[in-house]
Every structure is written in structure tokens, then in C-alpha cells.
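*Asks:* Chain by chain, the residues:
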Amino acid sequence: MLVLYLAQAVNSGLALGAVYGLMALGFCLIYNSSRLINFAQGELLLLGGLVLFSLSQTLQLGPVSALLATGVFGFLLGHLLYSTTLGVMLLAQPLRQLMLTVAASLIWQGAAVLIWGKNPLKLEQFVAMPALRMGPVFLGPNTVTALVLAVASVAVLSAFLGLTRTGRAIRAVSMNALAARLQGVNPVRAQALSFALSGILSALAAMAIGPQTMLRYDMGFGLGLKGFVAATLGGYTSLGKVFCGGLLLGVIEACLTLAFSADLKETLTYSLLVALLVLAPTPQSRQQKV
Amino acid sequence: MRREVRSLAAFLAAVALVGAFLPNVHLLALNQHLFLALNVLALNFCLGLGGQASMASGAFCGLGAYGSVILHSLLPQGTLVIVPAVASCAFFAAAWISKPLEKLGEGFLAMATLCLCLIFVNLVLAFAPLTGGSNGMMVSVSPSLPLLGELKGDRANFAALLFLLALGGYIFAAVRDSRLGRALLACKDDSLAASSCGIDRLGVRAVSFGIGGAFSALAGMVLANSTGFISPGQFDLGLSLKTLLFLVIGGPGRLVRPLLAVVLLEALISSFHSLGEATMLVHGLILATALLAGYWRETGGLAWLPRLVAPAAKRV
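Chain order of the listed sequences is A and B.
Residues in the first sequence are numbered from 1 upward in steps of one, following our numbering.
Residues in the second sequence are numbered from 1001 upward in steps of one, following our numbering.
Note that these hints are calculated values from the structure, not bench results.
Glycine is no exception: its CB is placed at the ideal position from the N, C-alpha and C atoms.
Take these hints with a grain of salt, some might be off.
Claimed, not checked - Computed Cβ-Cβ distance ranges for the label pairs, DEER-style:
| no. | chain 1 | residue 1 | chain 2 | residue 2 | range |
| --- | --- | --- | --- | --- | --- |
| 1 | A | Val72 | B | Ala1267 | 55 to 61 Å |
| 2 | A | Glu124 | B | Ala1128 | 33 to 39 Å |
| 3 | A | Leu55 | B | Asp1200 | 54 to 60 Å |
| 4 | B | Leu1275 | A | Gln57 | 25 to 31 Å |
| 5 | A | Gly71 | B | Ser1271 | 37 to 43 Å |
| 6 | B | Ala1128 | A | Arg189 | 48 to 54 Å |
| 7 | B | Ala1014 | A | Asn186 | 46 to 52 Å |
| 8 | A | Gly222 | B | Ala1267 | 27 to 33 Å |
| 9 | B | Phe1127 | A | Val64 | 48 to 54 Å |
| 10 | A | Gly71 | B | Ala1267 | 42 to 48 Å |
| 11 | B | Asp1190 | A | Gly135 | 55 to 61 Å |
| 12 | A | Arg189 | B | His1273 | 50 to 56 Å |
As the list claims (entries may be wrong) - With a straight-line Cα cutoff of 30 Å, these simulated DSSO-like cross-link-like pairs (lysine-lysine) come out:
| no. | chain 1 | residue 1 | chain 2 | residue 2 |
| --- | --- | --- | --- | --- |
| 13 | A | Lys241 | A | Lys265 |
| 14 | A | Lys241 | B | Lys1103 |
| 15 | B | Lys1188 | A | Lys265 |
| 16 | B | Lys1188 | B | Lys1103 |
| 17 | A | Lys265 | B | Lys1099 |
| 18 | A | Lys122 | A | Lys265 |
| 19 | B | Lys1188 | B | Lys1099 |
| 20 | A | Lys118 | A | Lys265 |
Claimed, not checked - Sample of chain A residues at the chain B side, in silico, Cβ under 8 Å:
| no. | residue |
| --- | --- |
| 21 | Leu95 |
| 22 | Leu98 |
| 23 | Ile107 |
| 24 | Val113 |
| 25 | Ala259 |
| 26 | Asp263 |
| 27 | Leu277 |
One chain only, chain B, in its complex shape:
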């Protein structure tokens, strides 16, 4: 644990250093990468620890963003209550959803959770008076904390994202080394054997799913505050697919590597945005190359490739 936490601290320190010297325009882009990294970390609780491939990140993220914006508009000074309340709601919703879905295999669970994401987006569209529908919602009130004041601007959001990544990373490492983490890893390796050993499979996996949902919701809250506007398009299946893709590329169960993969690959993908209509093609090619490189690295096909983007075979 100590080694991984040290690596995480080094990674976050490097990001903080880069962020400190970046102009605001580029900091906004870095915030977007860190937002995705936080989602990947959240998904790592489900897939890396519990072995459950979820594509509901978009839904929990959206739940956090919409919940935070709507509640802040009703209770402008209530950040200290709203943030934990929305995160708890996301935790319980995710834990509750995970129980009936637990029996599904990897691919089917991914499809079922993808549908949850689509259901969320369609519900947001259907309840337009509350959510603004396809027009989206302006974020009129920023969260505010005692002593710190209003969390406004890219620097504040950057700090919030770094704090959440540090907190999430520490909890991930702590959970993995705990009794709960060992139970989750047992479920991931062989769920039938884990059940035979007396592990409450539904219970432990619900906890990991719940923690993942809560962190996704927190990421959604920061995104809403960062962009100043939310719409269903920000939380559609693209976000869920990207999150799972980056985690698979980085290696589920690892702490720092997936975060590094997100920041580096997203930065690479962003640099190709000027290509216009070829962007999607290049985007797909980069992700496919990263997946293939990881696979060839695992199987010995690319022994020279740095271990940066290649997850260890035993962990996947």
C-alpha cells in the first residue's frame, strides 16, 4: 500500500506542479482530463476490486451534477450538506442497483449498466421542467465552503479534483488492503469459491459499486462547477465507454497506471482535435493501438514497450 500511495502522491505532485504553471485555457483542458481520471478511479473500485465491468459511470456522474446544481439553486449556502447528501444518494443507488445485476457476466453487466446510463439520459430529457431537458441547465450558484469561500474558477476546480483524486486513491489502497478488499478480490478471482468460503458476495460487491458511484457523483459535481453548464450530452454513453476503455488500457486493480493512462492518452487525443472530421478516426486508432500494445506487451509480443500503458496480465 505504502509504495502505491507514494506513487500516487508523486503523480499528483507532478500534476499539481504542471497545473501551477499552466495558463487558465490549458488548465481547463487539464481539469477535463482529471475529471475523467476521477471517473476511472471510481470505476476501479467496481472493476479493479470487485471484477464488475460497469458502464454506468455517466449516470452516476450525471446524478451528482444534476443533484448538486438543483439543490444548490434551492439552498445556495448548503454545500456542506448537499455534497455529502448527493454522494450518499449515489452510493446507495449504486449499491441497490448492483445487487440484482451481480449475477451477470462481464459483457452482459456492461450492457445492462450501459442501459442504465441511457435510461438516465432519457429521464433527464423527459423531465425537462426540472432538468432543462436537451437545452441543459446553467449553474447559477457555485459551491461555497467555510473559510475557503466560493469555489469559483479553474484553479479552485483543479484543487478540488486533486483533492478528490488523493482521497479516492487513498481509500482505494486502504480498501484493497482491508478484509473487504480481500473479499472483493476473492469474488473477482472466483465468485463461486468466494461464496463457498462464506463471503457475502452481494454485500461486498454492493459496497464497491457504491463507493464507485459516490466518486463518480463527486466528479459530476466538480464538472458542473467547472463548466458552468450541464446538459445530458455530457453524461451520455460516450463518457461511460471512455471511462471503461481507459481503465482497461491502464489495468484494472492498479492505482496510478490508469490515471497516468488517462492523462497521457487524453492529452494525445486532444492534440488531434484540429483534424476536424478525421478526429474520431484518429481517436479510435489511438485507443485501439493502446489496447493492442497492452495485449502484445502481456503476451511478450512487444517486450521493449515501456510498462506505462501495459497492464500486468495477472491484474486484468
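Isolated chain A, as found in the complex:
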């Protein structure tokens, strides 16, 4: 019986963990390129998912067209967020920049309420994958889809950051913006691109979580915060570690839900973050960046 419960916990934990992992990657990209903690990360997911929902209502979207639309709208939303937050306050104090992302989060949430209402909306599964059984572990179709989407995103993002000139420019800015500038890299453009990439990752996360838990106007902040916990767990150092941080957080949460009530689960998750922040070295002190 316990094995069955654990298998169920792993199944639901990996499904959510893949989403946390994608959110964490978005957090890392923005933090490393601009040293900004983006409070509106969750709203990128929300708006990305809701735009996809509206598109699916008017157009027949297949897997490829849905992925394409997710990428395009995620990119645009990420860029829009940059243009309205960091882009207009490049020289401001970090705290003021951070607070502007909080205000942006309110604005985007308000826009979501106004356009799509407060009722939860179910996103259809665009990339349907079959269920998977490995011994006692059973992964449902939603879990497999979320994992495939997330792992593929990590692979593509790694290739982009490692193999392309633009990707290497983003990495250079995240390591040392001044040195990168002296080498001819435009840090502002790299930051804008990081926001846009983060928008794509968040829209993909929406595609993964929409069919599982539905899209609700107030879901963004919680998911964004979990993404931050996952990024801290992963250590902000490499894409793989950060993504694994997300998976680990998902599984830990699912196991805590089995053992305790939902309120205590949240308490323990946030306590874990505080402990990690206090005990682990701060990201600024690390040399290697994403």
C-alpha cells in the first residue's frame, strides 16, 4: 500500500516538478543576466496559458502549431514584460526595479481577470503522450507530457546558450556584464532576450500545467514563488541542476502532502527555502553562471 502511495506521489510530484523546473529556469535566466528577482514570473505563465487557451478556442491547434504559438506568444510576453519593467528603469535602484515587477504582476493579473474572468479555465492537452509504467512507478499521460516538454526545453535552451553566438552573449553578460560590454556585447539586448526566453519557458510551463490543474487568475504568484524555491534548490549554477531542483521540489512536496496536511506542506516547503537561503552560499558569490 505504501509503495502505491509513494508511486502516486512520484507521479504527481514529477508532473508539478517539471513545471517548477521550467519556472526556475526562467528565474535563473533573468536573475543571472540582470540580478533582478522577477515577481511577475508567474504572470508570464498565466498570460501565456490564457493566450493559448483563447487561441485554441478559435483555431484548431495541433501539437506543432500549439508549440509554435506558445513559443511566439511566450517570447512576445517576455519582451513586453521587459519593456514595461526593467527596460524603463535600467538605472534605478534594484529595489525599485523589483517593486515594479510586483506592480507589473498586479497589472497582468488584473488584465487576466478583466479579459478571461475569475473562473478556472481548462487548457486542452496539445501534446498528448502515452502513460508509462516502469515497475512500481506509473507515470500518467500528463506527467509524461510535462516531463517531455520540460526536458526538451532544457536541451534546446542548453544548445542555444552553448552553441549560438547570441546564447554565448547572454552567458557572458550573466558572468560579467562590464567585461561582456567591452567585448562588444550589448547587455541591454541580452537582458531583453533573457526575459523573452523566460517568457517562452513560462508559456511552456503553462502548457504543461494547464491540463492538470486548470488556469486561474491567481495561480501565478504561487507558481512563481515555487520556481524561485526550485532555483535556489538548484543553486543558480547550471541549467541541469536548476531543472533537477524543480523536479526535486515537486517530489518533496508530493511526499509532504502524503505525510502532512496541505498547510503544513506549504509551511515546510517555505521553511526549506529559508533554510537554503541562510545555509547555502549566495548566488552572487558563485563564479560559474548559467
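Fit chain B to the known structure of chain A by using the hints.
*Replies:* Chain B alone, transformed into the frame defined by chain A:
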């Protein structure tokens, strides 16, 4: 100090004058603004003096409210003991929490303290037999003071809030001009240099965090008495975010400007509540505009804008 205290006195006198002529319905709204202003003043001790961006206001406020209500239900005539005891608990809790978090940078400290706020709310939900859980708690006993009697009604709470704002403002000005205040400002400007000069960074910042926590707890006590009902939703991250937002808009380290920003912007936001589902959008737009206006004012983009909502660049 004298000039700022005079400005504070003028601000409080103006608020008192407005409050004296307001009908009770509107006075309740003004009390809500002053409650937020007291929280902003409390946060100003941490951020304005110590340079630490805390989002734990909701947690300390909740600690004060729940502590006061639970203890008053056990000891109805014990206001003179309960209020200082709960404020002291909040002071020591905040000071104790601040020490391990001191090394974190602005954004990470904000996230860590935001988590403390969420932990508090979840603990209140988890310990439902004591706190009422998500159903909240009715405030059955109002605080009472010798000579003054029971502090009941909007006028009494209005007076209590004004008194706490005056007290907090005076302590803020006094601390800033003291040795402790100069040590805190040194930590804020360059914490490494401050340490090199022999300043006990952890100690002085713990004191500022503690004073902030205590004033937030006092604000929570007045809120509980004012609304007659408390629930975890009143102390969630929305309160913490709003408090930090208003302080950043008003200018950390300033005494009167953040309080003025709270009262004016909250009054403006409240006037849009009739918009229904568009309220949140308008709320966000107002706050974003205030932030941007302050930034453009600092950088010379909006030289014509009154200095009311724009904090001085050197102080932020």
C-alpha cells in the same frame, strides 16, 4: 530632527482634523490607511535605517493581532500587560530572525521574509483550534485602559493609530540621530566598511528589525480591535507587498513622505473600488505610475512633478 518632527506633527494634526469631521463610515477607511501607514513606518526602521528590505510585515502584524486577541480572551483586563508583552515578543522574534538573514542581499532577503509571512499564514491555518483557521476569530474582548476605559469604536482606534504614528515617528527620528542610527546608516551604505569600522552589524540591524516588528505587531493589535474580526487573509503577502511598495514609492529613510504617500495613494485606490473586476488592474497601474514617476523625477525626466511622491535619490 526637529524639522522632520515638526513636519510629522503637522501631518498628524491635518489627519486628526480631517478625522474629527469625517463620519464613522469614512473614518473606518481612514483607519485602514493609517494602519497601513503604521506598517510602512515600522518597515522604515528596517529598510530606511538598516537598508534591509523585509516582507515579513504581515507576519509580525498577524502575530500582534492573534497574540492580542487570544491573550485578551484569557485575561480580559490585562491590556497594560498584554500590549507590551506581545510587542516585546514581536521585537525579540524579529531581532532573532534577522540575524541569520542579515547576510542576504536585498532581493533574496525580500523573498526569505516573504516566505516567513507565508509560513505564519499557513501555521495559523494549521492550528485551527487555537486560531480559528480559515474561519478566523471574532474579537470578543476590547482592550481597556485605566481612566480611558474600553477602547471601542472607530474614534478610539483612530486616536490609538494617531498616537502610535506619533510615537513611532518620534522614535524613528530619535534613532536616526543617535549613535545607533548612524551605525545603521553606515551598514546601509557599505556593510563591509561598517564592519571594518567595528560596528556590530548583526546587533544593530537586529535592533532595527526588532523595532519594526514591534510596531507592526502594535498595528496588528489596533487592526484586530478596529475590525472586530481577524483571519489569516488580513495578514497574507498582499499586506507585506503593499507595505514595501508604499515605502519604496515614498522613499525609504524619509519620515513623513512615505506616510503621505500611503494616505494619498490608498485614498486614490479606494476611490476606484467601484470598478469591480477592473479594480486590480487600476490598482497596479496607479502603483506602477507612482514608481515610474518617482524614478523619472530622480533622473530628471519629470522635473515638474511635485516632490510629493518622488523620493530623493540619495536616500533610496
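*Asks:* For the range 48 to 54 Å, tell me whether the beta carbons of phenylalanine 1127 of chain B and valine 64 of chain A fit it or not.
*Replies:* holds, 51 Å
*Asks:* A closest beta-carbon separation below 8 Å is what the hint needs, so does alanine 259 of chain A meet it against chain B?
*Replies:* violated, 13 Å
*Asks:* Have a go at the valine 113 of chain A hint: is there a Cβ in chain B nearer than 8 Å to its own Cβ?
*Replies:* Holds, because the Cβ-Cβ distance from valine 113 of chain A to chain B comes to roughly 5 Å (cut-off 8 Å).
*Asks:* Kindly confirm whether 37 to 43 Å is satisfied by the beta carbon distance between glycine 71 of chain A and serine 1271 of chain B.
*Replies:* With a Cβ separation near 42 Å, glycine 71 of chain A and serine 1271 of chain B satisfy 37 to 43 Å, so the hint holds.
*Asks:* Compare the distance between the alpha carbons of lysine 265 of chain A and lysine 1099 of chain B with 30 Å, and conclude whether the hinted pair is satisfied.
*Replies:* holds, 26 Å
*Asks:* For the pair supplied as a hint, lysine 241 of chain A and lysine 265 of chain A, confirm whether the alpha-carbon distance does not exceed 30 Å.
*Replies:* Distance of about 23 Å is within 30 Å: holds.
*Asks:* Quick check on a hinted range of 25 to 31 Å for leucine 1275 of chain B and glutamine 57 of chain A, using CB atoms only.
*Replies:* holds, 26 Å
*Asks:* Go ahead and decide if the range 55 to 61 Å is satisfied by the Cβ distance of valine 72 of chain A to alanine 1267 of chain B.
*Replies:* violated, 42 Å
*Asks:* Assuming the hint says 55 to 61 Å, is it satisfied by the Cβ distance from aspartate 1190 of chain B to glycine 135 of chain A or not?
*Replies:* Cβ of aspartate 1190 of chain B to Cβ of glycine 135 of chain A: about 58 Å, so the range 55 to 61 Å holds.
*Asks:* Using 8 Å as the Cβ threshold, decide whether aspartate 263 of chain A counts as touching chain B.
*Replies:* With a minimum Cβ separation of about 4 Å from chain B (threshold 8 Å), the hint on aspartate 263 of chain A holds.
*Asks:* Sort out whether lysine 1099 of chain B lies within 30 Å of lysine 1188 of chain B, counting only the CA atoms.
*Replies:* holds, 15 Å
*Asks:* Per the hint of 50 to 56 Å, is the separation of the Cβ atoms of arginine 189 of chain A and histidine 1273 of chain B within bounds?
*Replies:* violated, 41 Å
Of the numbered hints stated above, those contradicted by the structure are hints 1, 12, 15, 25, listed in ascending order.
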